[in-house]
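Could you put together the complete structure from these sequences and hints?
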Amino acid sequence: MLEASAASFHDKYCAMVANGDYAGAYRGLLAETELSPEEKRSIIAAINTEYLSLKGLEWGNHGIRRTFRFWTDEQKIGMIRQANRLTDALSRFTPHVSFGFGSVLGFVRDGGFIPHDDDLDLIIALPSEGATFQKAKRELREFLEANGFTPHGFDGNFPTHFGVNEGNGTAVDVFIGFVEADRVAWFPSARAGMLVSDVFPTSSMTILGEEVRVPANPQRYLEVTYGSDWREPIANWHHPWDIREFVDFWEAPPPDPNDSTD
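Numbering (our numbering), first residue to last: 2 to 263.
Check each hint, because a few of them may be wrong.
[Said to hold, decoys possible] Simulated pairs of lysine to aspartate or glutamate, DMTMM-like, Cα-Cα distance not exceeding 25 Å: (1) Lys13 / Glu35; (2) Lys136 / Asp22; (3) Lys138 / Glu181; (4) Lys136 / Glu252; (5) Lys138 / Glu252; (6) Lys13 / Glu33; (7) Lys77 / Glu252; (8) Lys136 / Glu246; (9) Lys56 / Asp89; (10) Lys138 / Asp111; (11) Lys77 / Asp89; (12) Lys56 / Glu75; (13) Lys77 / Asp174; (14) Lys138 / Asp74; (15) Lys41 / Glu51; (16) Lys77 / Glu167; (17) Lys136 / Asp243; (18) Lys77 / Glu35; (19) Lys56 / Asp74; (20) Lys13 / Glu51; (21) Lys41 / Glu75; (22) Lys136 / Glu75; (23) Lys136 / Asp111; (24) Lys56 / Glu35; (25) Lys138 / Asp174; (26) Lys56 / Asp120; (27) Lys136 / Asp74.
In case anyone wonders, no lab produced these hints; they're calculated from the structure.
Okay, structure coming up:
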């Protein structure tokens, strides 16, 4: 039951969703300053239950989308195969390629896909000397386009990751990380919090009959990335997003994360 103070916001955003203004509702609620994070989560949960789930949609961290809880196993297998083809291609760019973030969380914790997620994540690690996110993305874009993929998301505020499509398939997110001595990190996680040996060389798991690459020590990877309570599902969970830790990998001053809806 929503508190009276949040009820009017619920009605406002429910009306926006009912009218099909999904992007406006998502961005608007994110920017609301009069609501606590708990109140926002309550509003989102109510709208998911009352309206969106009936349409095969869900309000999550990335917006209002058709999340994996509404996918068939056949569709999920196709997504894994698409991501594996991208993994194989990226392995010709760098040997340090793995599934990461929410994909690994789902594989290890849930034995599959996180129901409230809507895409797969890959992580790659590159040498840090003379590196910037922008430079890495330019080189990766050229490489992937030459290999038949369609990378996108190069004009946003945060150059630390991008999406890759294969044909008309759903995009796979690729996160760029840098190796510094024996450490490696990927924004928006904390910097240098993980040993390279915790991630690479990768290990493997079998999900829906398909082999997938995961970090060498997936439990340690998840603990560093999501905290010691990573085994407890938390919808609309957020990473630290501390840009200041990665400022030396930006070619220009990074943006204020409060100005972004990425």
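Outcome of the hint check:
1. Lys13 / Glu35: holds, 14 Å
2. Lys136 / Asp22: violated, 36 Å
3. Lys138 / Glu181: Answer holds: lysine 138 to glutamate 181 is near 19 Å, not above 25 Å.
4. Lys136 / Glu252: holds, 8 Å
5. Lys138 / Glu252: holds, 12 Å
6. Lys13 / Glu33: Holds - the C-alpha atoms of glutamate 33 and lysine 13 are around 12 Å apart, at most 25 Å.
7. Lys77 / Glu252: Between lysine 77 and glutamate 252 the Cα gap is close to 37 Å, so the pair fails against 25 Å, i.e. violated.
8. Lys136 / Glu246: Status holds; Cα separation ~18 Å.
9. Lys56 / Asp89: violated, 35 Å
10. Lys138 / Asp111: Since the Cα atoms of lysine 138 and aspartate 111 sit roughly 32 Å apart, the hinted pair is violated (cutoff 25 Å).
11. Lys77 / Asp89: holds, 18 Å
12. Lys56 / Glu75: Roughly 20 Å separates the two Cα atoms, so the pair holds.
13. Lys77 / Asp174: Satisfied, since the Cα-Cα distance of roughly 16 Å is no more than 25 Å.
14. Lys138 / Asp74: Outside the cut-off at roughly 32 Å; violated.
15. Lys41 / Glu51: holds, 15 Å
16. Lys77 / Glu167: Holds, at about 15 Å.
17. Lys136 / Asp243: Roughly 21 Å between the alpha carbons, so the hint for lysine 136 and aspartate 243 holds.
18. Lys77 / Glu35: violated, 39 Å
19. Lys56 / Asp74: OK: lysine 56 and aspartate 74 at ~19 Å, within 25 Å.
20. Lys13 / Glu51: The given pair, whose Cα atoms are some 14 Å apart, holds under the 25 Å limit.
21. Lys41 / Glu75: violated, 34 Å
22. Lys136 / Glu75: Answer violated: lysine 136 to glutamate 75 is near 37 Å, above 25 Å.
23. Lys136 / Asp111: Judged against 25 Å, a Cα distance of about 36 Å means the pair is violated.
24. Lys56 / Glu35: Violated. Lysine 56 to glutamate 35 sits at ~29 Å, over the 25 Å cutoff.
25. Lys138 / Asp174: holds, 13 Å
26. Lys56 / Asp120: holds, 19 Å
27. Lys136 / Asp74: violated, 37 Å
Checked against the numbered hints listed earlier, the structure breaks hints 2, 7, 9, 10, 14, 18, 21, 22, 23, 24, 27; every other hint is satisfied.
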